[in-house]
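Residue numbers for the sequence shown follow numbering that gives the first Met the number 0, beginning at 0 and rising by one.
Accuracy of the hints is not assured; some may be wrong.
Said to hold, decoys possible - Once the Cα atoms are required to be at most 27 Å apart in a straight line, the calculated DSSO-like pairs of lysine-lysine come out as: (1) K93 to K179; (2) K76 to K180; (3) K179 to K116.
To be verified - Here are the computed distance ranges between Cβ atoms for each label pair: (4) A196 to K76: 22 to 28 Å; (5) S44 to A66: 29 to 35 Å; (6) S148 to A196: 42 to 48 Å; (7) T37 to A175: 35 to 41 Å; (8) S9 to S110: 28 to 34 Å; (9) D41 to A90: 28 to 34 Å; (10) A199 to A175: 47 to 53 Å; (11) D197 to T37: 41 to 47 Å.
Derived from the structure by calculation, the hints contain no laboratory data. Backbone N, C-alpha and C define an ideal beta-carbon position, used for all residues, glycine too.
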Amino acid sequence: MAITYPLPVSFFDEFPGWTTEFDLMWRQEQSRTTGGRTIVKDMGSPLWRMSVQSKSLKPNELDYWRARFNSLENGLKTFRGFPKSRCFPIAYPKGSWPTGSAFNGTAQVASIAANRKSISVSGLPSGFVVSVGDFIQIGDNDLHQVMESALASAGGTTGQFEIRPHLWPGVVAPRAATVKKPSCIMAIVPGSVSSTADLATGRGSLSFQAIEAR
Numbered sequence: 000m001a002i003t004y005p006l007p008v009s010f011f012d013e014f015p016g017w018t019t020e021f022d023l024m025w026r027q028e029q030s031r032t033t034g035g036r037t038i039v040k041d042m043g044s045p046l047w048r049m050s051v052q053s054k055s056l057k058p059n060e061l062d063y064w065r066a067r068f069n070s071l072e073n074g075l076k077t078f079r080g081f082p083k084s085r086c087f088p089i090a091y092p093k094g095s096w097p098t099g100s101a102f103n104g105t106a107q108v109a110s111i112a113a114n115r116k117s118i119s120v121s122g123l124p125s126g127f128v129v130s131v132g133d134f135i136q137i138g139d140n141d142l143h144q145v146m147e148s149a150l151a152s153a154g155g156t157t158g159q160f161e162i163r164p165h166l167w168p169g170v171v172a173p174r175a176a177t178v179k180k181p182s183c184i185m186a187i188v189p190g191s192v193s194s195t196a197d198l199a200t201g202r203g204s205l206s207f208q209a210i211e212a213r
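Work the whole structure out from these sequences, hints included.
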């Protein structure tokens, strides 16, 4: 069976490791005035980048994951990545939603502010807590981090709260919003995969870096 790209969320979900870094890579130009102030200008929307480290792997496990990452062809192919610490919202570890399995983690962007950095979300369980540091996937590819806390009303709709990065051009409400394993499409940073094994035991770990690929 042919491998299709991007590799699904399950690929990175199954990876036996942790995202040691997951942050925005700002695309900015900087210049300093004679007064000492640094002027910063955006040259494009920021992209997500991450550093990942596996646990210690047995020789067979190490070879398995070497093969999986070789299928990504040193950054030529893509996969869906996300911060391992935020598979679920902070208030609901392991998906312990207020309504249990009746909510599958998918809601909807209900409104977008004129500044393109504030949204409200509908279709959530009553009383759903949105916490600073949560991640939300908007549409198929856009990953955003929550900057302000919010609370869903009895009808399941929040007030507007800020996110970063700003919404990408073309995003309008309504639009699907995912809070369960929210992800974006990413590509390996060429040359960043390392999988050195121990000479005596054959055990080793695999580490790599990746950047959002749009």
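Status of each hint after checking the structure:
The hinted pair formed by K93 and K179 meets the criterion: a straight-line CA distance of about 9 Å does not exceed 27 Å. The straight-line distance between the Cα atoms of K76 and K180 is roughly 21 Å, inside the 27 Å bound, and the hint therefore holds. For the hint pairing K179 with K116, the CA-to-CA distance comes to about 21 Å; that is within 27 Å, so the pair holds. Checked against the given bound of 22 to 28 Å, the beta carbons of A196 and K76, roughly 24 Å apart, stay inside it.
Taking 29 to 35 Å as the suggested C-beta distance range, the pair S44 and A66 conforms, at roughly 34 Å. Checked against the given bound of 42 to 48 Å, the beta carbons of S148 and A196, roughly 45 Å apart, stay inside it. For T37 and A175, the hinted distance range of 35 to 41 Å is satisfied, since their beta carbons lie about 38 Å from each other. Roughly 32 Å separates the CB atoms of S9 and S110, a value that falls within the hinted 28 to 34 Å.
Between D41 and A90 the beta carbons are some 32 Å apart, a value that agrees with the proposed interval 28 to 34 Å. Separated by about 50 Å at the C-beta atoms, A199 and A175 satisfy the suggested range of 47 to 53 Å. D197 and T37 have their C-beta atoms about 45 Å apart, which keeps the hinted 41 to 47 Å range intact.
Consistency note: the structure conflicts with none of the earlier hints.
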